[in-house]
Amino acid sequence: MSPVSSVERQRWDVVVVGAGGAGLRAAIEARRAGARTAVICKSLFGKAHTVMAEGGIAASMANANEHDDWKTHFRDTMRGGKFLNQWRMAELHAQEAPERVWELETWGALFDRTPDGRISQRNFGGHEYPRLAHVGDRTGLELLRTLQQKVVGLQQEDHRETGDHEARLKVFQEFTVTRVLKDGSGNVAGVFCYERESGRFLVLEAPAVVLATGGIGKSFKVTSNSWEYTGDGQALALLAGAPLVNMEFVQFHPTGMVWPPSVKGILVTESVRGDGGVLRNSEGRRFMFDYVPDVFKEKYAESEEEGDRWYEDPENNRRPPELLPRDEVARAINAEVKAGRGSPHGGVFLDVSTRMPAETIKRRLPSMYHQFKELADVDITAEAMEVGPTCHYVMGGVAVESETTATVGVPGLFAAGEVAGGMHGSNRLGGNSLSDLLVFGRRAGLHAARYAAGAATAEVGEEAVAAARAEALAPFDGSSEGGGENPYTLHQELQQTMNDLVGIIRREGEMAEALERIAALRERARRIAVEGHRQFNPGWHLALDLRNMLLVSECVARAALERTESRGGHTREDRPAMERSWRPVNLLCRAGDGGITLERVRTEPIRADLLALFDKEELAKYLAEEELDA
Amino acid sequence: MSTYQAHFRIWRGDPGGGELTDYTVEVHDGEVVLDIVHRLQATQAPDLAVRWNCKAGKCGSCSAEINGRPRLMCMTRMSVFARDEVVTVTPMRAFPVVRDLVTDVSFNYVKAREIPAFVPPAGLGPGEYRMRQEDVDRSQEFRKCIECFLCQDTCHVVRDHEENKEAFAGPRFLMRVAELDMHPLDAAEEAGLDRRRTAQEEHGLGYCNITKCCTEVCPESIRITDNALIPLKERVVDRKYDPLVWLGKTIRRRKA
Amino acid sequence: MRSPGRASIAARHLRTDRWWLSPAATAAGLLAFVAYSTWRAFANAHYYAAPYVSPFYSPCLADNCVPMRGGPNWALFGSWWGLSPALLILVFPLGFRLTCYYYRKAYYRSFWAAPPACAVAEPHRAYTGETRFPLLLQNLHRYFFYAALPVAGILTYDTALTFRDSHYAWGHAGLGTLVFLVNIVLIWAYTLSCHSCRHIVGGRLRHFSKHPVRYRLWTWVGRLNRRHMQLAWASLISVAVCDLYVYLLATGAFDDPRFF
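Residue numbers (the numbering used here), protein chains in the order written: chain A, 1 to 630; chain B, 1 to 256; chain C, 1 to 260.
Just so you know, the hints here were simulated from the structure itself, not pulled from any lab data.
Heads up, some of the hints might be wrong.
Pair ranges (Cβ atoms, derived) [to be verified]:
| hint | chain 1 | residue 1 | chain 2 | residue 2 | range |
| --- | --- | --- | --- | --- | --- |
| 1 | B | 162 | A | 159 | 22 to 32 angstroms |
| 2 | A | 159 | C | 140 | 33 to 43 angstroms |
| 3 | A | 467 | C | 126 | 25 to 35 angstroms |
| 4 | B | 43 | C | 8 | 19 to 29 angstroms |
| 5 | C | 28 | A | 363 | 16 to 26 angstroms |
| 6 | C | 206 | A | 302 | 54 to 64 angstroms |
| 7 | B | 26 | C | 28 | 39 to 49 angstroms |
| 8 | A | 161 | C | 206 | 24 to 34 angstroms |
| 9 | C | 149 | A | 382 | 46 to 56 angstroms |
| 10 | B | 221 | C | 237 | 26 to 36 angstroms |
Chain A stretches covered by chain B per the calculated footprint, using a threshold of three residues with CB under 8 angstroms from any CB of chain B [as the list claims (entries may be wrong)]:
| hint | segment |
| --- | --- |
| 11 | 17-24 |
| 12 | 39-45 |
| 13 | 49-61 |
| 14 | 254-265 |
For every residue, glycine included, the Cβ atom is placed at its ideal position computed from N, Cα and C.
If we strip away everything but chain A, and leave its shape as in the complex, we get (with noise of 0.2 angstroms):
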């Protein structure tokens, strides 16, 4: 083994961890306000999961209806998230969007146009005007590809200034970070980090990090996300001292493919319902049919045979129960699942082949049809789909500042995008993803450089170098012992108890069995081997991504434990009711040496002008008490 000094190090202003939209938007901003600054993703650039938003980017831009403006974007943001949203964090987003979005077609990016050419927008769930900027169904990857081009552009000037094109903006690609370091005062110094392909150590020392890596999904067994999404930004904060906040959140998606293993998890569009798919059991009943609750029983048909009707005349008759909210249907799924009437693969079918002429399924669901013939090999004209619930996006993350996406007690640290917490409060809406990153993203790289630029040199002592480094290489320690444990098989029993016990419908004591299960495989995951060497080794890189998944599925299984009620992502078979008196209260998730711990914080409350945006009545049904009293 090398002796400790010979970790290469290198003096950044500002480093980005993670290069999807956030994080680019960061560095793009950080770069502009004069900070030097690198960006470390583990993908290679351009590949990070932002390519698979589809949607679009929410932002009221009024191009398609005059009457939107960004009160309204902040109302459905708070009803979406059902007020637990960090307000001022919905207000900055719901005001800002339209010029971030007008900014990329400044640096390149092509929307779909109105017929007056400005840019298109499509109606969401949630959002009361069509609000969504978007390329087709290819949003992210357009969005994504503009930030990409944007930083080379970038490049280009630089190079053309100093003859080196990353002298002021560098991207570290498949590069993984496995802590933050700090000083001795207790501020961010820099990260540690190892080269995929070569197993070789680099710090980058810098007074400020932002944390941009995405969410967690990867700790569940069914997902829509990427293997990157490993929660690697919640625990580098955890491990720093910072906190996260509401991570019992987490949305499910009630229709990704469970059936081939390959496609596991991948998103079926709603709008296969919407156009008449029906979900049927494994006895080829509607199930659906039997789990419409009382307060929407007026709204949905009762028959199959009005259900049918609907879809040609809406005005006479009432909508299937197939449409009922995204939670509702998934709630349904699962429980046929659990009882034993679920297809072969564990999931439930989605069947358009007998409800419509193949033209016309190839006509309507073209994107569909392509998906499932490419990826599956099924042709749903001619046979049902199999889908059920797939972890789609959490909604806790790491406790941020509003204004300056800062966490909580580590000077110097920053996070944006789907790893920081608050903006989308239990629930997120549509297209709301894509906007956040650009809003919070340019405020995380702007703020960082500016607490860079007033900062002392960062200073990374050899201990916390030596430490980080003998914890990267500890998995390779495990095999000389005997009797070491594969991190593929950790990985799955992970996934297996995340997705069993703490998936979309929770309760007390799976819960508590899972912290159990968790606890197991913390102890187990200390005693991981991995063989061969550090260049580009799976396993070994699996091995030190658990560490993240453990800390943070921890942290999502307390606080899910903690909150008793149902709230958006956070559903309880043993609390079906939304608590107002849980309104005002966030669950701060820590990391300390007796382990994790949990503390309820009060929010802020929310401004007077802002509340006044809302009917006293509507107010009524989310607000504590004491809150409305005041």
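Chain A is fixed; fit chains B and C onto it per the hints.
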């Protein structure tokens, strides 16, 4: 549901050398080549290096060559092979290998930097851009590109002639020049940048002999040759090889 | 392929399909046409059987052309021209097809093997593509396109003349008329589906929205252009069939079946 044992030959090695290694591995219904590679990792070859990400054909990470053809591993279903067929998987052969199926694609990032970025028009602020759908359609097609670099890999100009890498940007980045040249608001010309001339003189458009392999391998079905490269060649002719255009310009310049 | 740093794989390719079939078939097809057309172009005989003139010999521009009543023959070249008059005119369609973006692909692949097929290594040590003379001349394609337009126009005129009988009376048609009709449709479709044409009618524009008519034209040409390869082959075959038909009539192999 059925399961069978498939015969795989996977290139294992690094820049120092390597060879095709045989594996027998279980295959289940509905799987793609990437699933099989992952199964090998989890069961027989824990250090088998492979690059991947979204597994849905949207990120362009898992590019490789399967039975000699450049493809995305996540979009190649096992059902397209006969059960007794040997499936050979190698890294992309136009780029330096890092290890096993992972190649060093930095060539592409270098080329990306050589194409000057979009030049925003002077006098138009954010929110003031007006473009018609028919004017952005062409560039939008090219922006579907997921940068899997399969077109770069298959293009014989660099695949068979390493020495051309210096002079030739490759289909993906010539398409990027076309995209910007067709962008309705790109102000490169006003800024003194002639994208057409540079396409020929700096990015090596003349090397392309339009044999269409880039179009054949594109997983996004972008018609690279017909819609980007040939129109770009025609635009270069306008600029460089059309005496009528040249004459017209000269006369106009005289008058002005 | 075997440059340092790349994966050390000895095989020129690892394709398991019949990748050689397509270039082999292309080469065979093109060679057959070249052989046939060379024979016919130099033959200087059997190219007129009233009212049909072989497309290889139209317009007929030399003094030594056989007389064709109403036909497009002007003796621009005097009696000093002793070779086949086909050679005077064939150079234009030949140039048009030789520089055509589809045919370039076809012969680069099948004759030059650059490359023979995708991901199959080419045998050449060096490659400069179309950056130098003579292949730089491929950029002249659009001028051959311009030249191809009047040629196609004259062939259209020839087709109109086929609505006569062998005594030059109008209002008749035979099997030959049909052959000529099919040929001229294919010739026009191939000519108009040309990539240069697509560029000239609209492709060179930056703002389609400011030129709605040219945008419409560009869309139409684009639709044809998608079938440029098929049209290239179909028109190549039809022009040969057309000529063969005239040849057979002229040699008296059979009589033109008359419809009316």
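The hint says 24 to 34 angstroms between residue 161(A) and residue 206(C); measuring C-beta to C-beta, is that right?
holds (31 angstroms)
Is the hinted range of 22 to 32 angstroms satisfied by the C-beta distance from residue 162(B) to residue 159(A)?
holds (25 angstroms)
Given that the segment 254-265 of chain A was listed as covered by chain B, double-check it with a C-beta distance under 8 angstroms for 3 or more residues.
holds (count 5)
Residue 302(A) and residue 206(C) - C-beta distance against the hinted 54 to 64 angstroms
Cβ of residue 206(C) to Cβ of residue 302(A): about 58 angstroms, so the range 54 to 64 angstroms holds.
Given that the segment 17-24 of chain A was listed as covered by chain B, double-check it with a C-beta distance under 8 angstroms for 3 or more residues.
Three-residue rule not met by the segment 17-24 of chain A, so violated; n is 0.
Do residue 467(A) and residue 126(C) keep their Cβ atoms within the hinted range of 25 to 35 angstroms?
Since the Cβ atoms of residue 467(A) and residue 126(C) sit about 56 angstroms apart, the hinted range of 25 to 35 angstroms is violated.
For the hint 39 to 49 angstroms, verify it against the beta carbon of residue 26(B) and that of residue 28(C).
holds (44 angstroms)
Is the distance from the Cβ of residue 43(B) to the Cβ of residue 8(C) consistent with 19 to 29 angstroms?
Because 26 angstroms falls inside the window, the suggested range holds.
Please check whether residue 159(A) and residue 140(C) have a Cβ separation lying inside 33 to 43 angstroms.
holds (37 angstroms)
Verdict on chain B covering the segment 39-45 of chain A, where coverage means 3 or more residues with a C-beta closer than 8 angstroms
Since three or more residues must qualify, the claim that chain B covers the segment 39-45 of chain A holds, with 3 doing so at under 8 angstroms.
Cβ separation of residue 221(B) and residue 237(C), checked against the hinted range 26 to 36 angstroms
holds (29 angstroms)
State, for the Cβ atoms of residue 149(C) and residue 382(A), whether the hinted interval 46 to 56 angstroms holds or is violated.
holds (49 angstroms)
Of the numbered hints listed earlier, those contradicted by the structure are 3, 5 and 11.
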